[in-house]
Amino acid sequence: MADKQPSRRNAPALALHVPEPPFRPGDTPDFSSIKVPPAGSAPRPDTAVAARETHPLATDLVRVLDEDAKAVGPWDPKLDADTLRKILKDMVTVRVFDDRMYRAQRQGKTSFYMKCTGEEAIATSAAAALDFEDIHFPTYRQQGILVSRGYPLVKMMCQIYSNPGDHMKGRQLPIMYSDKKHGFFTISGNLGTQYPQAVGWAMASAIKGDSRIAMGWVGDGATAEGDFHSAMTFAAVYNAPVILATVNNQWAISSFSGIAGGERATFAQRGIGYGIATLRVDGNDALAVYAAVRWAAERARSNKGPTMIEFFTYRAEGHSTSDDPTGYRAAGEAQSWPLGDPIERLKAHLIGIGEWDEERHSEITKNADAEVRAAQKEAEKLGILPEQGKSDIGSVFEDVYADMPWHIAEQRDQALEEQR
Amino acid sequence: MPVMNMIQAINDAHKVMMRRDPDIVVYGEDVGFFGGVFRATEGLQKEFGKQRCFDAPISEGGIVGTAVGMAAYGLKPVIEIQFADYIYPGYDQIVSEVAKMRYRTAGEWSMPMVIRSPYGGGIFGGQTHSQSPESLFTHIAGLKVVVPSTPYDAKGLLIAAIEDPDPVIFFEPKRIYNGPFDGHHDRPVTPWARHKASEVPEGHYTVPLGKAEIVREGEEVTILAYGTMVHVALAAVEDNKIDAEVIDLRTLVPLDIETIEKSVQKTGRCLIAQEAPRTSGFASELATLVQERCFYNLEAPVGRVTGWDTPYPHAYEWTYFPGPKRMKTALQKVMAD
Numbered sequence: 001m002a003d004k005q006p007s008r009r010n011a012p013a014l015a016l017h018v019p020e021p022p023f024r025p026g027d028t029p030d031f032s033s034i035k036v037p038p039a040g041s042a043p044r045p046d047t048a049v050a051a052r053e054t055h056p057l058a059t060d061l062v063r064v065l066d067e068d069a070k071a072v073g074p075w076d077p078k079l080d081a082d083t084l085r086k087i088l089k090d091m092v093t094v095r096v097f098d099d100r101m102y103r104a105q106r107q108g109k110t111s112f113y114m115k116c117t118g119e120e121a122i123a124t125s126a127a128a129a130l131d132f133e134d135i136h137f138p139t140y141r142q143q144g145i146l147v148s149r150g151y152p153l154v155k156m157m158c159q160i161y162s163n164p165g166d167h168m169k170g171r172q173l174p175i176m177y178s179d180k181k182h183g184f185f186t187i188s189g190n191l192g193t194q195y196p197q198a199v200g201w202a203m204a205s206a207i208k209g210d211s212r213i214a215m216g217w218v219g220d221g222a223t224a225e226g227d228f229h230s231a232m233t234f235a236a237v238y239n240a241p242v243i244l245a246t247v248n249n250q251w252a253i254s255s256f257s258g259i260a261g262g263e264r265a266t267f268a269q270r271g272i273g274y275g276i277a278t279l280r281v282d283g284n285d286a287l288a289v290y291a292a293v294r295w296a297a298e299r300a301r302s303n304k305g306p307t308m309i310e311f312f313t314y315r316a317e318g319h320s321t322s323d324d325p326t327g328y329r330a331a332g333e334a335q336s337w338p339l340g341d342p343i344e345r346l347k348a349h350l351i352g353i354g355e356w357d358e359e360r361h362s363e364i365t366k367n368a369d370a371e372v373r374a375a376q377k378e379a380e381k382l383g384i385l386p387e388q389g390k391s392d393i394g395s396v397f398e399d400v401y402a403d404m405p406w407h408i409a410e411q412r413d414q415a416l417e418e419q420r
Numbered sequence: 001m002p003v004m005n006m007i008q009a010i011n012d013a014h015k016v017m018m019r020r021d022p023d024i025v026v027y028g029e030d031v032g033f034f035g036g037v038f039r040a041t042e043g044l045q046k047e048f049g050k051q052r053c054f055d056a057p058i059s060e061g062g063i064v065g066t067a068v069g070m071a072a073y074g075l076k077p078v079i080e081i082q083f084a085d086y087i088y089p090g091y092d093q094i095v096s097e098v099a100k101m102r103y104r105t106a107g108e109w110s111m112p113m114v115i116r117s118p119y120g121g122g123i124f125g126g127q128t129h130s131q132s133p134e135s136l137f138t139h140i141a142g143l144k145v146v147v148p149s150t151p152y153d154a155k156g157l158l159i160a161a162i163e164d165p166d167p168v169i170f171f172e173p174k175r176i177y178n179g180p181f182d183g184h185h186d187r188p189v190t191p192w193a194r195h196k197a198s199e200v201p202e203g204h205y206t207v208p209l210g211k212a213e214i215v216r217e218g219e220e221v222t223i224l225a226y227g228t229m230v231h232v233a234l235a236a237v238e239d240n241k242i243d244a245e246v247i248d249l250r251t252l253v254p255l256d257i258e259t260i261e262k263s264v265q266k267t268g269r270c271l272i273a274q275e276a277p278r279t280s281g282f283a284s285e286l287a288t289l290v291q292e293r294c295f296y297n298l299e300a301p302v303g304r305v306t307g308w309d310t311p312y313p314h315a316y317e318w319t320y321f322p323g324p325k326r327m328k329t330a331l332q333k334v335m336a337d
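Residue numbers (the working numbering), protein chains in the order written: chain A, 1 to 420; chain B, 1 to 337.
Hints were generated in silico from the structure; no laboratory data involved. Certain hints may be false.
To be verified - Distance windows between CB atoms, simulated:
no.: 1; chain 1: A; residue 1: Val72; chain 2: B; residue 2: Gly74; range: 38 to 48 angstroms
no.: 2; chain 1: A; residue 1: Asp413; chain 2: B; residue 2: Thr206; range: 28 to 38 angstroms
no.: 3; chain 1: B; residue 1: Gly126; chain 2: A; residue 2: Ser7; range: 25 to 35 angstroms
no.: 4; chain 1: A; residue 1: Asp3; chain 2: B; residue 2: His139; range: 34 to 44 angstroms
no.: 5; chain 1: B; residue 1: Lys241; chain 2: A; residue 2: Trp406; range: 32 to 42 angstroms
no.: 6; chain 1: B; residue 1: Ile123; chain 2: A; residue 2: Gly273; range: 35 to 45 angstroms
no.: 7; chain 1: B; residue 1: Thr279; chain 2: A; residue 2: Ile34; range: 47 to 57 angstroms
no.: 8; chain 1: B; residue 1: Ala193; chain 2: A; residue 2: Ala415; range: 44 to 54 angstroms
no.: 9; chain 1: B; residue 1: Glu199; chain 2: A; residue 2: Trp406; range: 25 to 35 angstroms
no.: 10; chain 1: B; residue 1: Thr310; chain 2: A; residue 2: Asp131; range: 52 to 62 angstroms
To be verified - In silico EDC-like cross-links for lysine to aspartate or glutamate, where the CA-CA straight-line distance does not exceed 16 angstroms:
no.: 11; chain 1: B; residue 1: Lys211; chain 2: B; residue 2: Asp256
no.: 12; chain 1: B; residue 1: Lys211; chain 2: A; residue 2: Asp403
no.: 13; chain 1: A; residue 1: Lys169; chain 2: B; residue 2: Glu108
no.: 14; chain 1: A; residue 1: Lys208; chain 2: B; residue 2: Asp21
no.: 15; chain 1: B; residue 1: Lys325; chain 2: B; residue 2: Asp186
Each residue gets a CB set at the ideal place from its N, CA and C atoms; glycine is no exception.
So here's chain A without its partners, still in its complex pose (with noise of 0.2 angstroms):
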């Protein structure tokens, strides 16, 4: 039935096109025809702008430090080296503990887990130049937000482990975190959804008259979702204070950023369409990824609106524990990406203005494992995944609503029963 219509046969046969990667296991990765910018080209327009003039901006790319990793150009955040070092710190705190857990999951203590390397600017950069007040609404690749704001790394570990540390009694899969205190919103399996939730909450900040902005994170796949469009025509619609983050590490887990849309336009293009401030930005550069925030930062807060920022990255290793990379693209990949790693130029910019050395950087990394191990020892005092589940079977149907109604009240009595 679905054959073509007989009549038709002199017309020319569409043909469905379908978007393939550059690359593919076995190929060698060349992205020499990717645009790199040189760094400190990208003209810095002030905050107060009206979003049309950052357009051009949308397929631009913000850039500060160089290839000597020297900070240049209009961006340059000018930051003390103390908050250098401490976004270096923390970087380098994600890095490790990402190993740490990484391993703990293949050696079985828990059932699931996902890094963010070559991603870890990003987080900790974006999260140093909002207010601690600020409210995040993340992906699961946003670990560093907690780490920037001091979240303690025993409390992740505990929720990784589902153990009785974890304050989400243990009903989250492994890396969901969620803290009120440290405005870090619960994140969702179901992508896309804290794009809306963000604007929301920014828009019942301005209802309130309150000062407080909040950032909404989606990856470049969760872009397709109906809910990024919602949240930008709301965001737009209602000139909401927040800042909608894109992280395009190109790969949903196996499908390259051209399934979500991105081979024709970049995904900060999309800001255009609604009239929203839009910035693309080198996600591997921290002092970039700060300057780009600190801009939407300080434009939202002034009731000039939200920005969309593109931040332009890779992702390292594989989506998840649950998928093999090499199954679906082409190895060095991550060694071949132009824009470099970004512990590796944020160092090599600390010991350029004299403000670092080799000595100084093996030892955070040594003090942050030492510091990783330690919590992952106490975190384990309180057990690991597979020890959880047995000690309170009547948690399970608690907090499904205020006050458990009768129904769940009988559900919990079965299966208390089914315990005996």
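Given the structure of chain A, go ahead and fit chain B onto it with the hints provided.
Same frame as chain A, now just chain B:
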């Protein structure tokens, strides 16, 4: 006491609560300046300003999604989905986010909000303005589902819903906004003014969630109904001269199981009426509960009066609607054994 139709009662509930609680915000498609296509939010923007009552883009996912963010901030959104048939683009936000928030964070975040939506047929709305999707929400743990059937209940239940700490889906039977409809579509419309429950107290009062009401006491059979079907059931009982006990459930989740049990144990027979399609409808859940709890009291199989398992057909609306004939046949059957 003021006499109100259901729209006026719902409107009044908004006003009473918005005057009491500055954190309540009301928005949805056409709800601001115009006051809603059914006028439920008329005058709110004028009295409370555009910051607290405003028009939303045609984006139910965005309406619910932003309400999640507002509730997370500490506001209390009372949002309108213009027709229940339009709620599906917001379904992911409702099911995955609103309903599960308290649970997934063990109470760190909760979602006190009310999602109001006109539902049901009988107004020639065709397939996309007539549906009764309540069972898609009663199936979701974490949501409360409320359906009023009179102006008095509509105001009291809506105030209770707004004050509730959990998210409430508030389905308003639009066929009875202006008057109780008994299923006889060929007869003139009765205005609410002739119904006792159109007397609506001024100011604040609540009808508690989770409590059914026995709207007619009887001995021979228990009829469980909600929304428009309460009035259809009452008329059928009079038409067929059966001494039925008619229970208006008012809240589907959490359900007032005690009132149901007590009644069926007394009458020994049970008929359930819903406008929604039959398969996997809320009536199926009710029938199961009744047979689980009252099996040895039952004189006859539990009966169901429902819409058909088809979309709601525009021109054949009265073929679809579970009206007096379907009620009569079902009553005869449940009384026969």
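Hints and how they fare:
no. : hint                                       : result
1   : Val72(A) to Gly74(B): 38 to 48 angstroms   : 43 angstroms, holds
2   : Asp413(A) to Thr206(B): 28 to 38 angstroms : 30 angstroms, holds
3   : Gly126(B) to Ser7(A): 25 to 35 angstroms   : 34 angstroms, holds
4   : Asp3(A) to His139(B): 34 to 44 angstroms   : 41 angstroms, holds
5   : Lys241(B) to Trp406(A): 32 to 42 angstroms : 36 angstroms, holds
6   : Ile123(B) to Gly273(A): 35 to 45 angstroms : 37 angstroms, holds
7   : Thr279(B) to Ile34(A): 47 to 57 angstroms  : 54 angstroms, holds
8   : Ala193(B) to Ala415(A): 44 to 54 angstroms : 51 angstroms, holds
9   : Glu199(B) to Trp406(A): 25 to 35 angstroms : 32 angstroms, holds
10  : Thr310(B) to Asp131(A): 52 to 62 angstroms : 56 angstroms, holds
11  : Lys211(B) to Asp256(B)                     : 5 angstroms, holds
12  : Lys211(B) to Asp403(A)                     : 15 angstroms, holds
13  : Lys169(A) to Glu108(B)                     : 11 angstroms, holds
14  : Lys208(A) to Asp21(B)                      : 13 angstroms, holds
15  : Lys325(B) to Asp186(B)                     : 13 angstroms, holds
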